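Sequence lines, in order, name chains A and B. Here the numbering used here is used: the first residue of the first sequence is 1, the next is one more, and so on. Here the numbering used here is used: the first residue of the second sequence is 1, the next is one more, and so on.
It should be emphasised that the hints constitute simulated quantities derived from the structure, not laboratory data. Bear in mind that the values here come from a model prediction, so they are computed numbers and not experimental data. Cβ coordinates follow ideal geometry from the N, Cα and C atoms, glycine included. Watch out, some of these pointers could steer you wrong.
If you want a taste of the chain A side facing chain B, the calculated C-beta under 7 angstroms gives, among others [unchecked claim]: (1) G83; (2) S124; (3) V170; (4) Q226; (5) V273; (6) N276; (7) Q306; (8) G351.
Some chain B residues near chain A, calculated using beta-carbon distances under 8 angstroms [unchecked claim]: (9) V170; (10) Q226; (11) Q230; (12) N263; (13) R271; (14) I291; (15) T294; (16) G351.
Residues per chain, in single letters:
2 protein chains.
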Amino acid sequence: MSLEAFLDDFERRNWQRVSDGTVRIAVIGLGWWTVDQAIPAIDASELCETTVAVSSSSEKAKRVAAGVETATHGLSYDEFHAGEAADAYDAVYICSPNALHLPYARTAAELGKAVLCEKPIEASSERGQKMVDACDEAGVPLIVGYRMHTEPAIRRARKLIRDGVIGDPVHAIGTNSQAMLELSSDPNQWRLDPELAGPGATVTDIGIYPLNTCRFLLDSDPVAAQAFMQSAHDAFEQVPDEHTSFMVEFDDGTYLAATASQNAQATTSLRVVGTNGEILVEPAYHMETEIRVTRDDVSVTLDTPQVNQMTELFDYAADRILTDAPIGPDGEHGVLDMRLIEAVYEAGESGRVVTLD
Amino acid sequence: MSLEAFLDDFERRNWQRVSDGTVRIAVIGLGWWTVDQAIPAIDASELCETTVAVSSSSEKAKRVAAGVETATHGLSYDEFHAGEAADAYDAVYICSPNALHLPYARTAAELGKAVLCEKPIEASSERGQKMVDACDEAGVPLIVGYRMHTEPAIRRARKLIRDGVIGDPVHAIGTNSQAMLELSSDPNQWRLDPELAGPGATVTDIGIYPLNTCRFLLDSDPVAAQAFMQSAHDAFEQVPDEHTSFMVEFDDGTYLAATASQNAQATTSLRVVGTNGEILVEPAYHMETEIRVTRDDVSVTLDTPQVNQMTELFDYAADRILTDAPIGPDGEHGVLDMRLIEAVYEAGESGRVVTLD
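Given the sequences, and given the hints that come with them, work out the whole structure.
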């Protein structure tokens, strides 16, 4: 590849099929992520607008809706389930605790609405599969919100790997940590409650980034997992994985070794090493992504335009909804991730390799 | 710590106790590492000189000795074991295939010579323990050649961790890979022969770097291991670990997740993440070491003088031999590493956590 081609070949949105049309979105779950990240990202998107806000309290929903120019309705969860204002939106964005994704997705599917759902797909693979089935039966698209799949730098890294720039991938190391208790001091937050979060607090919520991003970069599926995990801090009493270290074997033979913690210095990194080179993504997952490509002892660092990852995700989802084009991170993709996450927890508890059949 | 103190507090050799005296060294095993790295490093050292060269062939030994100004003797292995020219050296540097460390160390100990031995200590922990016993019985020092222990940047990183700069260590990720077949195209090289190398080719030879460097940085001992490993290339037919991914749990609760390969792009890195910061060592292990220290979102990269790591190792060993000061990487340290390495291989074979009792 010539240097000119290397520099020019950065397609910000090589997935895009339409440039007009609007998908009207009902945002479900009005926590800080929805209010501070998702709604502004929708506002900045080409193909989406927020028309409905849904929350536990009708008052809160109406208050949030009132602050969004395009929004016409604020609904309680009960009102949503009852099908109120169903004519006002075409799709839902579900950003609730994991174990509540299924009921909202079911209602949305029954109402004929497309579903964009935050990762992980649900609190268990079984419940995730029920979401897939509900959307399949209703004939509505289901997209899991893996925003790394539409991060241009990650897509570029994936293409370079596919083009053989690093030779055959051999192994990868990744890490993702944050100080969750400093981000939210609420000791009752749902991520610490297995009834709402699923099997744990860290692999499900942030370990999923190195795990799924590696899967996406390799274009391979996981086949086995091993793990260490522990919780020491009181706040993590009900979950096994305040801190964790885990490994994944992929079906192309590549290994990922990773660490993650919800109670440590924030840090993000993913490195894929091949027979002839390596790609380092650092910072990696959270609204800032840089990649460095090395062959032998020569490296280049790609300085690409930093996009709003949530805007990319929403426009990607809208593009899929408007065109019926194949979805990369679809429900089956999300269910397999959840099966892998369950394997990681089972491995951490049993001290044995857990294979995905 | 003030910035001035931070910058000034870089003690290149805070272990040094004597600045004069000479330890005369018999170098055993005249492969490229000894000839191209060790002998020039001894030549550049303050406290050592090469006086004897020992090899399978007396001719080769004499030829190498003739090229070293300070050397007076070239011996065959048989001549060495027979005690020839024993008055001409005070210590041995053993750089043979792993499974031959023990006989040379035994002879050296019987002759009252100090032993500096390349890592890993031997091809098994049992044989390593026999080296420890032989040196103990003879009352001679045994030093395992972990050159990261005397690498100034690594020592500085260790001090920063001990001083609490990153808070409590939580997890670490590391990697070490190289294209061994390109470094030496000999298909019969000893690293691929379990009779000479020990349980494998990669964990023993290069996985030991992230493993032991993490152990040194944390000042903690390993308690358990898990691993994936595989060999696909014909050259690796007799060893299980052309590529490997492994994890170690340390007795302070910290996890290390690591990857290593003898048949991939050369890459080295080690990152220790704590509750309040992280230390990244990259490049990490091979004659070039840089550290980056981060707390919250502020980082500093330490640009420290790059030493000849082998010269540091030889002067450290000589300093210990001349002063009888306690040895960091002593025989027991090397045996515990070998027990950990054996646990990694056992884990890779069994698919289970292997604990060190």
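Outcome of the hint check:
Interface hint at A:G83: violated, since its Cβ lies 46 angstroms from the closest Cβ of chain B, which is beyond the 7 angstroms cut-off. At about 24 angstroms, the closest approach between the beta carbon of A:S124 and any beta carbon in chain B exceeds 7 angstroms, and the interface hint on this residue is violated. With a least beta-carbon distance of about 4 angstroms to chain B, the hint placing A:V170 at the interface is held under the 7 angstroms criterion. This hint holds: A:Q226 has a C-beta 5 angstroms from the nearest C-beta of chain B, less than the 7 angstroms allowed.
With a cut of 7 angstroms, the hint placing A:V273 at the interface with chain B holds, because the nearest CB-to-CB distance is about 5 angstroms. With its C-beta approaching chain B no nearer than about 6 angstroms, A:N276 sits inside the 7 angstroms limit, and its interface hint holds. A distance limit of 7 angstroms between C-beta atoms decides the matter here; for A:Q306 the minimum to chain B is near 16 angstroms, and the interface restraint is violated. The beta carbon of A:G351 comes within 4 angstroms of a beta carbon in chain B, closer than 7 angstroms, and the hint placing it at the interface holds.
A least Cβ separation of about 4 angstroms between B:V170 and chain A falls short of the 8 angstroms threshold, and the interface hint therefore holds. Annotation: B:Q226 was flagged as interfacial toward chain A, and the flag holds, the nearest CB pair being 5 angstroms apart, inside 8 angstroms. Given the 8 angstroms rule on beta carbons, the hint for B:Q230 holds: about 6 angstroms separates it from the nearest Cβ of chain A. Interface hint at B:N263: satisfied, since its Cβ lies 7 angstroms from the closest Cβ of chain A, which is below the 8 angstroms cut-off.
Restraint check, B:R271 versus chain A: the minimum CB separation of about 7 angstroms is within 8 angstroms; hint holds. Against a cut-off of 8 angstroms between C-beta atoms, the interface hint on B:I291 is violated, since the closest Cβ of chain A lies about 15 angstroms away. At its closest, the beta carbon of B:T294 sits 7 angstroms from a beta carbon of chain A; the interface hint therefore holds under the 8 angstroms criterion. Residue-level restraint check for B:G351 holds (minimum Cβ-Cβ distance to chain A is 4 angstroms; threshold 8 angstroms).
Against the hints set out earlier in the document, violations occur for numbers 1, 2, 7, 14.
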